[in-house]
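What follows is the residue order along each chain.
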Amino acid sequence: MSILQEIKNAVRSRSIHVAYVDVGSCNGCDIEVLACLAPRYDIEQYGIYVHNNPREADVLLVIGSVTPQWVDKLRDIWEKIPEPKAAVAIGNCPISGCVYARRGTLTTPPVENYIPIAAQVPGCPPRPTEILSAILSVAPLIYKDYEEKHR
Amino acid sequence: MRSIVYYLREFFRPEWVRKFFFAKTAPLVAPSYFKDYPSLTGKECTQCLTCMMICPAPGAIAVLHKKGGWEPEIYPGHCIRCGLCVEACPEGVLSSGRILDVTSRDRTAFSSWYRLQVDDTLCMRCGNCCVSCPVNREVDPQLAGTGTSASDEVIMRIEGGRVTILHEEKCTGCKTCENNCPNRAIRVARMVEGIQGEEEAEA
Ligand code: SF4
Ligand code: SF4
Ligand code: SF4
Ligand code: SF4
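First to last, the sequence lines map onto chains S and P. Note that this note's numbering numbers the first sequence so that position 140 is 140, with each residue one more than the last. Note that this note's numbering numbers the second sequence so that position 112 is 112, with each residue one more than the last.
Hint data in this document are derived by calculation from the structure and do not stem from the laboratory. Treat the hints loosely; a few may be bogus.
What the hints assert, rightly or not - DSSO-like cross-link-like pairs, simulated, lysine-lysine; straight-line CA separation at most 30 Å:
no.	chain 1	residue 1	chain 2	residue 2
1	S	8	P	19
2	P	19	S	85
3	P	19	S	144
Just chain S, with the same shape it has in the complex (with noise of 0.2 Å):
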C-alpha cells in the first residue's frame, strides 16, 4: 500500500464531513442529528463535521420518507457530493415510509428506490448514540483504501 494512500486513511478517518437532507419527514430526526452536535454527543471530537453542503461532504445523512416533489433534487444533491461518498438512511422514513406508509399519503418510500444507500439507522427517531456509531461505522468501509480498491 502506498504511503499516499496511507496518509488519506488516517486523514479521512479523522475528517469526515456530513451534510444532511430531509426529503419530507416530522423533522423528529433532524433533531436527534442536530442534538449530535451538542456537547453531550458532540460529533465533533470524532473528526466527523457537518457543513451541509453537498459539495464538500462524505456522508449524506438523508431524513424522510420522500414526497414526490425531492425525488429529483435527492438524486441531484447525491450527485453534486464527490467520490468517495455514502448515503445513509437516518429514521424508519427512508426505510419503510414509517406512520407515512398508510393509503393516500403522498410519500414514495423507500429512498432506496432512488439513491443508494449504505447503512441504515432504524428507529422513531434512533438516538444520536445510534447515528453516531452509525457514521462512525460506515465511514471506514467506505472511504479506507478507496483509491487502491477503485483504481
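Since chain S is already given, all that's left is putting chain P with the ligands on it; use the hints.
Chain P with the ligands in isolation, oriented as in the chain S frame:
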C-alpha cells in the same frame, strides 16, 4: 526568541495534542431504562393479537407461528418504539425498558371494546350486516333474509326499517358486517381506554 519557545511549548503540550487528535469520551451507550425495540420475555403468547391491534405503526409487529408456538415479531424500520404493545399484551410476552415495572407498580392497563355505528343516510336497510355477523348467527340461527330477528340477544337487527344496535358489547371486532355492507354504512371501531387501579389491571 524566548517567547516563541514558550509559545511552542504551550502549543505542543502532549495532553493538548492528545485531546486534539483523539476522542475525549467514548461514545455514549443507551441507558438500561431506554425503551428499545420490544424483546421477548419467554412467556407464552396466546395469539390474542392485542399487540397488533394497538400498534400505531404500519407493519411494525406480526404474530407469527414459529416452531415453539405463536410469537410476536417486531420489525425495526417500521416499529417506532412506542411501547404500546408491551403495555397492551395481557400475557406479558413483550418487554421494553421499564414499562412492565411501571405498569405493575401503577396497576395500569388498557381496556378495549368495539363500537358499532351505522350511518342512516348511507344505509339502505338491506340487513346484510345483521345476517352476516357470526355472533348474530350463533344467537339466532333463524336470522336470515331481511335481518329482522325475534331474539333480543342479537348484536343488531333491522327494527322498524332501520338497523338497531342492541348488544354492542358482544361484538368481537371481526368486521364481517363492514365487509358485507354494500354502502360502507356500518363502521366498526376499536375503542381503547387506559385504566388504573382496577381489578383487570392486575392481569
Ligand atoms: S413498540 Fe409500538 S410501534 Fe413498535 S411494535 Fe410495539 S406498538 Fe408497534
Ligand atoms: S404477544 Fe401478547 S398481545 Fe400479542 S398476540 Fe401474543 S399474547 Fe396477545
Ligand atoms: S364486527 Fe363482527 S361481531 Fe361485530 S357486529 Fe360486525 S360482524 Fe358482528
Ligand atoms: S349492510 Fe349496510 S346498508 Fe345493509 S343494513 Fe347493514 S348497514 Fe345498512
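To test your reading of the hints: which numbers does this structure violate?
none
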